[in-house]
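Engineer: Numbering-wise, the sequence shown is residues 259 to 371 according to this note's numbering.
Among the hints, a few may not be true.
Stated by the list, open to error - Estimated spans, in silico, between C-beta atoms of each pair:
no. : residue 1 : residue 2 : range
1   : 266       : 345       : 23 to 31 Å
2   : 326       : 276       : 19 to 27 Å
3   : 276       : 296       : 17 to 25 Å
4   : 270       : 312       : 16 to 24 Å
Don't read these hints as lab results, they were simulated from the structure.
For glycine and all other residues, C-beta sits at the position ideal for the given N, C-alpha and C.
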Amino acid sequence: MPTSVHQLDDGAWLSVNDSREVNVSDLWWLARHEFCDCAMADFLAEGFVEIGVDYPNVEGRIAGQCIACGESGVTDWLTLGRVVDPEEGTFSPVDTESVHIPRRRQRLADASE
């Protein structure tokens, strides 16, 4: 069964299989990031900008600001959760209170190269 993943309410929610799973307004601890100059950004999520799937992970880029230094912007890709059972469409969101490491998506080399 395909898993439906999309944003709701102008980027306020991540919906998986028509169920609101991850919302903004949470604080995320970001480590090894390029968002601001803080060693650990205390990032207030304000809205999902992009949502993508790198199976089994559901990822997103989030707009917001570091509440320690005030820097605003958009994160690199963060894992928002994981589809743990594609047959049933079961989704497990990440714990936003744990430490997260944003990463840039990498494109695999084309087979013809």
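Engineer: State the violated hints by number, sorted upward, taking the hints as numbered earlier in the document.
Structural biologist: Hints 2 and 3 not satisfied by this model.
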